[in-house]
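Student: Residue strings, one per chain:
There are 2 protein chains.
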Amino acid sequence: MLQPLTEIAPLTPTLEAARRASLKLASAPTEVKNRALAAIAGGLRTNSAAIIEANEVDLANGVAKAISAGLLDRLTLDAARIAALADAVEAIIGLTDPIGTVVRGSSLPNGIKISQVRVPFGVVGVIYEARPNVTVDIAAIALKSGNAAVLRGGSAAENTNRVLVAVVQAAIESAGLPAESVQTIDPFGRAGATELMKSRGYVDVLIPRGSANLINTVVTESTVPVIETGAGVVHVYLDESAPEQWAIDIVHNSKTHRPSVCNALETLLVHRHAAARLLPAVLDKLTASGVTIHADARARSLYPAAVPATEEDWSTEYMSLDISVKIVDSLDEAIAHIRRYSTGHTESIVTNDLANAERFLSEVDSASVMVNTSTRFTDGGEFGFGAEVGISTQKLHARGPMGLPELTSTKWVVRGSGQVRA
Amino acid sequence: MLQPLTEIAPLTPTLEAARRASLKLASAPTEVKNRALAAIAGGLRTNSAAIIEANEVDLANGVAKAISAGLLDRLTLDAARIAALADAVEAIIGLTDPIGTVVRGSSLPNGIKISQVRVPFGVVGVIYEARPNVTVDIAAIALKSGNAAVLRGGSAAENTNRVLVAVVQAAIESAGLPAESVQTIDPFGRAGATELMKSRGYVDVLIPRGSANLINTVVTESTVPVIETGAGVVHVYLDESAPEQWAIDIVHNSKTHRPSVCNALETLLVHRHAAARLLPAVLDKLTASGVTIHADARARSLYPAAVPATEEDWSTEYMSLDISVKIVDSLDEAIAHIRRYSTGHTESIVTNDLANAERFLSEVDSASVMVNTSTRFTDGGEFGFGAEVGISTQKLHARGPMGLPELTSTKWVVRGSGQVRA
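These protein sequences, in sequence, are chains D and V.
Numbering-wise (full-length UniProt numbering), the first sequence opens with residue 1 and increments by one.
Numbering-wise (full-length UniProt numbering), the second sequence opens with residue 1 and increments by one.
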């Protein structure tokens, strides 16, 4: 039952409105939800100028506060990006609606029929930072999966998010669904985020998206169940038998294809018997792409241009053109290193040894374990999910890339004709 | 990556031993795990006298502390109960091992093969109270699902649990698996439970089993992901068209079959047009079984023997021969009452109206929603799961009765041949 949130009253009306909206959304037919999605896409295109205007205010504030170039880039919405956002919302129309799917079912010996059916969570809270595209992404994904969304996007994008949410709400209402299906709590400031984390009973699941710091705060402080997404200290291990060209290509692609994302490579491990054969060419190709090599002593003896790796490097998610490199004596040492330093996101082995490949797949405990591919493939789009809510690095509920079904719960529907237990 | 638990050091060696054991368990073949289960069942039978002796110490302490008759009964292990525990462990041998099951998979357009495979969580923490049977149940279920278990059983059963864990550990070791697969932290006292709740990174999931208070504490204080089990303010709603005999039987069975468990009925709602027809007979049968009726004013006018219901009654999980009764004006009012007071466990409608049945199934948001059956059927055994870890009342990961698959996570296994992202 719902306990009144006496200590944290300011958010209550918003959360109660979200709850009421969620009841309508839970039984909304797919075609109504799709109509709302089409209206959101249309609304984004029609209101592109107003969105850009609001975004310019946020960008000017960001420049005044001297935020980093990377943050400014994430914060920026121009006409092309808004059009891409609208396209992404339209793509969700084509995805299968998970709600109502029967996961399993049976007839019991006494004639009772049971079935486990997908239902929305109800109210999904999302806490993220300065990425206005997430506002639209999450709104669309939540809507399609029948969930009401309560968004905390952070002060840096406050003006942009306010306009985006207004556009989304108008679109949802035009399809006959409650405007409160998507709400922002940015006006409540930091206190709003704190309240959201304590709103157990009002919010069914909380998804933090952003820095390791943000995720850690949410995980530690939230009483609402959390789906942890994100941080990736990702490893590639070059086994003794690793084919040279695969080693070069997979390491280069994993590190440089998009260094700022969570499935990018951070630490390269190399078997000592393969190091002399592979490292110079592998590291030359990285260096040619501007990557700084942080290497242990053995690797530096083979590649003197590298800078010394510190203990801290092994647990660092650079998200930049940096890589740590270590030579290991065995597959065992590689697995032990990964167990110690990995965040459990993605690890890949490059090998031609079948037994070693199977051991790596079995003994490395990460959301995604790979043989002979780039780590960049741990991705909802690449996996064919169509939309991605994030990549879960926890073991409960969802692990790895999350699509629409990962934003649902289930309930058991039990149909009888007067049966009682003997 | 693992952060050293500097503030909560005492438990660290236990948790590290559990982690090491979990690595062995994760790759243990089903037949080895089954051999350990058979050894546990044998060990329980062989050591029955020693278990009873330790249990008598706990019972004497309980009597000295004047704990309730109900608690004393839960605490008691006699020869028959130990034999039943051994049988229950043997029954788990026959259940399908969920580990290694491929949940789904596909070949991507670029030739990469992906499959989502069931893996153990790793280390499962369980906090419960004075029920030594849970020690054996959970140990067996965790073992079969490849998880190491760290148990906090509470001081009232400390002597019994120490002997039970010793028996279990000897059995597991005799099958060639690590003794530390199952450990008790009872010697660390209440501080141990607090540490366990903060052991994120060491413990993968925490399952509280027991009173609403215990569950609430764990949910609020734990930084480890929690699966919430338990509390059931369970409703039956007698619709206008409810057949009389079904109404009588289902209410009686739901309330009196086993009043102390979470799927027992607590609140009866009756449509006002059915009240005069149904209530006297339904409540007479309850009264004949010793049930105290707590009724609202309208129900009391039809059944004067009832005591007045207070506001508190509607949110009370009696777990005893008490029931609250309320007359409602409509299905809408029944659903609204359930939304306000239910803990989301189980609700059942008795009706012959198809449209009302479908609305109830769709609009009541509980783990188990029923038409024309006793609420006592929300049960892993009745659902055919063979073993039950508990009944989840949360929406994340597992909802409703949990069997072996609910004690697992998944990982994505990705096999390529040199693919990189374009």
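Think of the hints as simulated: they come from the structure by calculation, not from any bench.
It is possible that part of the hints are untrue.
Pairs of lysine-lysine residues, derived as BS3-like cross-links and limited to a Cα-Cα distance of at most 30 Å, are as follows [unchecked claim]:
(1) V:K198 <-> D:K198
(2) V:K198 <-> V:K24
(3) D:K113 <-> D:K24
(4) D:K24 <-> D:K198
(5) V:K113 <-> D:K285
(6) V:K24 <-> V:K113
(7) V:K24 <-> D:K113
Student: Give a verdict on every hint.
Tutor: Do the hints match the structure? See the list:
Pair hint K198 of chain V plus K198 of chain D holds up; C-alpha atoms about 17 Å apart against a cutoff of 30 Å. A distance of roughly 24 Å separates the Cα atoms of K198 of chain V and K24 of chain V; the hinted pair therefore holds under the 30 Å criterion. Between K113 of chain D and K24 of chain D, the direct Cα distance comes to roughly 27 Å. Compliance with the 30 Å bound is thereby established for this hinted pair. At roughly 24 Å between alpha-carbon atoms, K24 of chain D and K198 of chain D fall within 30 Å of each other, so this suggested pair holds.
Only pairs whose Cα atoms come within 30 Å are accepted, and K113 of chain V paired with K285 of chain D is accepted, the gap being roughly 27 Å. With a C-alpha separation of about 27 Å, the suggested pairing of K24 of chain V with K113 of chain V holds against the 30 Å cut-off. Restraint check: the Cα-Cα separation between K24 of chain V and K113 of chain D comes to about 39 Å, which exceeds 30 Å; the hinted pair is violated.
Comparing the model with each numbered hint stated earlier shows that hint 7 is the single one that does not hold.
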